[in-house]
Amino acid sequence: MENKTITSVNNPLIKKLYKLRDNKKQQLSDGIILVEGKNNIDEARKLNLVEFLLTTNEIDNNKDIRVTENVIKKLSSLKNPDTTIAVVKLPVYESKKYKRVIFLEGIQDPGNLGTIIRSAVAFNFDAIYLSKNSSYLYNQKVISSSQGAIFMIPIFQMDLLKAIDLYDYNVISTHLSEESEFIDKTNFPESFAIAFGNEGTGISSELLSRSKSNVSIKISNIDSLNVAIAASIAMFEISKK
512 MENKTITSVN NPLIKKLYKL RDNKKQQLSD GIILVEGKNN IDEARKLNLV
562 EFLLTTNEID NNKDIRVTEN VIKKLSSLKN PDTTIAVVKL PVYESKKYKR
612 VIFLEGIQDP GNLGTIIRSA VAFNFDAIYL SKNSSYLYNQ KVISSSQGAI
662 FMIPIFQMDL LKAIDLYDYN VISTHLSEES EFIDKTNFPE SFAIAFGNEG
712 TGISSELLSR SKSNVSIKIS NIDSLNVAIA ASIAMFEISK K
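Residue 512 is where the sequence shown starts when you use this note's numbering, and the numbers rise one by one after that.
In short, the hints are calculated from the structure, not lab data.
A hint or two may mislead.
Straight-line distance between alpha carbons at most 27 Å, and here's what the computed DSS-like set of lysine-lysine pairs gives [stated by the list, open to error]:
| id | residue 1 | residue 2 |
| --- | --- | --- |
| 1 | K673 | K610 |
| 2 | K535 | K643 |
| 3 | K643 | K696 |
| 4 | K752 | K608 |
| 5 | K652 | K590 |
| 6 | K549 | K610 |
| 7 | K515 | K530 |
| 8 | K608 | K673 |
| 9 | K526 | K600 |
| 10 | K574 | K584 |
| 11 | K535 | K557 |
All values reported here derive from a predicted model rather than from experimental measurement.
Construct the complete structure from the given sequences, taking the supplied hints into account.
Put into structure tokens, the structure is as follows:
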């Protein structure tokens with residue numbers, strides 16, 4: 512039997528998904544999000560997280576749903592949406608101590624957060640801990656800028672001090688001080704958490720007080736770097752060791 516095509520944005524399913532799209536509370540309650548972009552959908556598929564697709568393309572199964580272009584435009588958060596949107600289950604990861612960890616405190620720009628996640632995967636880090644005052648992890652801009660990496664590494668949005676208490680992480684903070692050592696000269700232990708803070712305010716005094724040491728990146732002519740660039744450089748330097 513031929514699958515029916517949803518043509519109306521007032522369809523009950525479409526109305527429900529539209530309400531879900533930007534509703535953090537609803538997403539966390541239902542355990543699902545909408546995902547756009549081929550790379551993001553492909554990575555979610557590899558982990559069997561895709562519940563079904565909404566697409567203007569032909570479909571060859573009873574799970575996915577064919578819709579018209581106006582429905583895709585209604586559900587999409589992009590100016591120029593693709594032909595397909597996936598309904599994706601939120602990943603669940605094992606809560607344990609990981610070896611090479613990123614701590615992110617107060618990273619509020621979703622584009623920066625997505626870029627850092629992508630770099631963490633590229634440079635073989637094992638997990639990311641994201642503070643509660645950072646951008647919402649499943650913001651569409653975070654997902655988009657991560658290019659699928661958001662589904663490739665365990666990420667926990669929680670109190671960073673609690674993570675230290677739970678797993679006794681050896682925290683090394685990126686913070687310029689008299690005691691800071693340039694990161695390319697630093698010997699990192701086998702297990703550690705490297706912390707990056709908000710561009711404007713840096714790492715909080717509370718987290719610095721729990722850090723074992725501080726490191727910085729050697730730069731010239733300017734005072735600071737964008738946090739995503741700084742984090743990527745730091746991760747690259749660590750990956751060489």
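Each hint, compared with the structure:
1. Restraint check for K673 and K610: the C-alpha separation of about 17 Å stays at or below 27 Å, so the hint holds.
2. Proposed proximity of K535 and K643 is supported: the alpha carbons are some 13 Å apart, at most 27 Å.
3. Between K643 and K696 the CA atoms are separated by roughly 32 Å; this puts the pair beyond 27 Å, and the hint is violated.
4. A threshold of 27 Å between alpha carbons decides the hint, and for K752 with K608 the separation of about 21 Å falls inside it, so the pair holds.
5. Straight-line distance between C-alpha atoms of K652 and K590 comes to about 12 Å, which keeps the hinted pair within the 27 Å bound.
6. Taking the CA atoms of K549 and K610, the gap is near 31 Å; set against the 27 Å cutoff, the hint is violated.
7. Annotation: proposed proximity of K515 to K530 holds, straight-line Cα distance about 23 Å (limit 27 Å).
8. Taking the CA atoms of K608 and K673, the gap is near 12 Å; set against the 27 Å cutoff, the hint holds.
9. The suggested pairing of K526 with K600 holds, with an alpha-carbon distance near 19 Å, which does not exceed 27 Å.
10. With a CA separation close to 21 Å, the supplied pair K574 and K584 stays within the 27 Å bound.
11. For the proposed pair K535 and K557, the alpha carbon gap of about 24 Å is at most 27 Å, so the pair holds.
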